[in-house]
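Enquirer: Build the complex from these two chains, which are given one at a time in their own frames, with help from the hints.
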Amino acid sequence: MRAVVVDYGMGNLGSLLALLDRLGHEATVWRAGPPPARLDLLILPGVGSMAVAYQQLVARELLDPLGALYRQGVPTLGICLGLQLFFEASEEGNGRGLGWIPGRVVALKARRTPHMGWNTVRTRPHPLFAGLRPDAAFYFVHSYRVDPRDAQVVLGDTEYEGEWFPSVVSAPPLVGVQFHPELSGPVGRRWLENFWREVG
Amino acid sequence: MLLPRIIPCLDVRHGRVVKGIRFLDLKDSGDPVELAAYYASSGADEVVWLDIVATVEDLKLATDLIAQARRKVDVPMTVGGGIRSLDHVEALLEAGADKVSINTYAVQNPAIISEVARRWGSQCMVVAIDARREGDHYQVYTHGGRQRTDWELGAWLKAAEESGAGEFLLTSMDRDGTQAGYDLPMLRFARERVRRPIIASGGAGTVAHLAEALRDGHDALLLASILHQGTLTVPGIKEALRQEGVLVRWPIL
Chain A
1 MRAVVVDYGM GNLGSLLALL DRLGHEATVW RAGPPPARLD LLILPGVGSM AVAYQQLVAR
61 ELLDPLGALY RQGVPTLGIC LGLQLFFEAS EEGNGRGLGW IPGRVVALKA RRTPHMGWNT
121 VRTRPHPLFA GLRPDAAFYF VHSYRVDPRD AQVVLGDTEY EGEWFPSVVS APPLVGVQFH
181 PELSGPVGRR WLENFWREVG
Chain B
1 MLLPRIIPCL DVRHGRVVKG IRFLDLKDSG DPVELAAYYA SSGADEVVWL DIVATVEDLK
61 LATDLIAQAR RKVDVPMTVG GGIRSLDHVE ALLEAGADKV SINTYAVQNP AIISEVARRW
121 GSQCMVVAID ARREGDHYQV YTHGGRQRTD WELGAWLKAA EESGAGEFLL TSMDRDGTQA
181 GYDLPMLRFA RERVRRPIIA SGGAGTVAHL AEALRDGHDA LLLASILHQG TLTVPGIKEA
241 LRQEGVLVRW PIL
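Protein chains in written order, with my numbering: chain A, 1 to 200; chain B, 1 to 253.
Chain B with its partners taken away, still in its complex shape (with noise of 0.2 Å):
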């Protein structure tokens, strides 16, 4: 039986972690390498990693902590932020990354899902969209949610995935960062429209939250805020979630 996905996700900015783990036992917990070979190690069922890679320097960078993160990290590594050429994807890929994630470019220069799957397989392709609800539909936005698109979510989760998306990590921007719960009728109007697995993402604020999404059939779920501040662990997320009688993988070993 396929199990659920807990997935952390760290903000990198210039080779540090934008949000830190509060009342961590880490030497650094700034240092992504080590946030997320604590998160493999901690029972997290994939990891995010998204860093704004803005210049030539920086990419050189994010490459190098990519490629220290692969020797500790044990489980899938999905990179993704500021990705606009075939070239910056070889360097993720080649650096350790297992799939790469495309959000503005993917709408700006379609070409680039169908390019990618070709070269690499779509099951290292993942579409990243940020929608959020407009009167009777959900409405498209990129470059972080502060750029309005044409496309209806519908639409365009459908013109992605026969581009040759593999995977979509779909952000309800009307739940970011509220800690109010996952955007379930979305996730729901998404799921009846493709058949690609997608992470949910936005809105997680306890247990209770990850367990109503997952018992909606919602089996992917990236978490950010609720875990920076220290107050929910993924070994405690999958402890308590294992106590409500849902199956997950726990423990690791």
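Just chain A, same shape as in the assembly (with noise of 0.2 Å):
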């Protein structure tokens, strides 16, 4: 499978590349314009403000043939501001998304912002979660959460200050996940590993 990972100016790619390079996957990165000729998966990483986001996707031309894409039905995994993106409205600056998934993104209510650090997951049995202990912990950094319309696209849900957010989104053919499985040691490389196999 060939994957194709979306460099649109938000965050560095280097603990993604990494990861994808220690499991063996080839991967291309894609910055601008139309999309590489041979494209399996994509992913759609990145942190910071959706506002800006959504101008560089627009500034390089990455937003119709996204588009194109999902339409194609082409898997994509959308990693932290990723998830966010497929989204339909940020309230952070009036920041528009993708407008893929139903619902808006919106502010933690935690006092102290951003959520940063190891936390885990609630998630019923599924096979992205094969063979990782109910208690295994992920690394997160984020002061917005998604808030989908449908709650039956939520496939997980994590605590923060005593508020439940959505951490693992799936509406096929995205699967988007708040934390970041490339920062997130062996627990992460496992999960990217399930997922390589369920979209395979």
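Incorrect hints may have been included.
The list that follows gives simulated cross-link-like pairs (lysine to aspartate or glutamate, DMTMM-like), each with its CA atoms no further than 20 Å apart [unchecked claim]:
1. 72/B <-> 94/B
2. 72/B <-> 21/A
3. 109/A <-> 162/B
4. 60/B <-> 90/B
5. 72/B <-> 26/A
6. 109/A <-> 192/B
Far from chain A, by Cβ distances over 12 Å, these chain B residues were calculated [to be verified]:
7. 4
8. 31
9. 133
10. 212
If you're looking for bench data, these hints aren't it; they were derived computationally from the structure. Glycine is no exception: its CB is placed at the ideal position from the N, C-alpha and C atoms.
Expert: Here you go:
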């Protein structure tokens, strides 16, 4: 499978590309314009503000090709800001999203933000979590959370300062995670392996 | 539930670890790449890499090593030391650092905080602060603790937060190197003043000190000399914390 990682200028890709390399997966970086010719799987990473991210997608002429790939049903993994971009809009700076999943992106209610560090995911048994203990922890860093209109898309959720938020979302061909598999040690590695098997 | 972060700190100079781990079974415990990879694979929740870069050659060496470390380190890496420009920040992030830590230059030129936050997001802007008790308050120092500033700690925390600091790395100069336990009153003071995560630094000597700080609500702890002496290891610390009833990320799979 040929994976393409979208680089739209929101956060560095070093840790993600290193993990893909360790897993033996071929990955191409797509920075602007038309997508690479061979493409089986898309990864949309990123950290930061959704408003800036959307502007970047527009400026790099990525918006239309991304929409076309989505309509073709190309499996797509959104990580952190990538997950948030799947939704319609963010209350942060009136940011727009790709609008592929109904719902909004809203601020965490927590006193202390960002939600930064290792946290667990509450999920029903699912192949994406095969081989992981129920208390397996992933690395998070974010101040906003997704708020899907349809609760059915939520595959797992996570608690921070008493608030539960969706940390894994599935709406084929989209899978989105609020955590960073690429910074989550062996747990993140196994999760990504599971993801690869699921879409492969 | 958010788990505590146990964060080893590597002190690097000219490409070598200044204080390597004694008795550790590494090919070369003075090699920061190998040491960072060892920490990550043995349960460190993040790694902080402090490298005082003074020259262009130093920067080239540092970014090469960070890029090498990135290929092996699968937990977040914060890199700091001598940062004085956005170009420097960009070089470190492109090499694979997840966050940058700025201390002295943030005091000299606080605009760098907002510039980094605006360009790369506040989550990657760690403001490092050295402070010590003076009478009825805490005073901020720079230049590795050699220079007193006009900033009172609470005021500087507030100003840095408003500029866009996403996290603080707060070292108690009164406790640093003493191994007498973290400066809990200072940490408590800082936590009440800002809404950003704070990494506690200075004073860790025993697992009991870590447990004490965690129970007091300080959930990100920097470890330096306690690991360098080789008497404690990250797995040993996590196992001991778990036995004391503190939830930690352990085992790591």
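Enquirer: Now tell me, hint by hint, if it's right for this structure.
Expert: Cross-check of the supplied hints:
no.: 1; hint: 72/B <-> 94/B; result: holds, 16 Å
no.: 2; hint: 72/B <-> 21/A; result: holds, 10 Å
no.: 3; hint: 109/A <-> 162/B; result: holds, 19 Å
no.: 4; hint: 60/B <-> 90/B; result: holds, 13 Å
no.: 5; hint: 72/B <-> 26/A; result: holds, 18 Å
no.: 6; hint: 109/A <-> 192/B; result: holds, 17 Å
no.: 7; hint: 4; result: violated, 8 Å
no.: 8; hint: 31; result: holds, 18 Å
no.: 9; hint: 133; result: holds, 24 Å
no.: 10; hint: 212; result: holds, 19 Å
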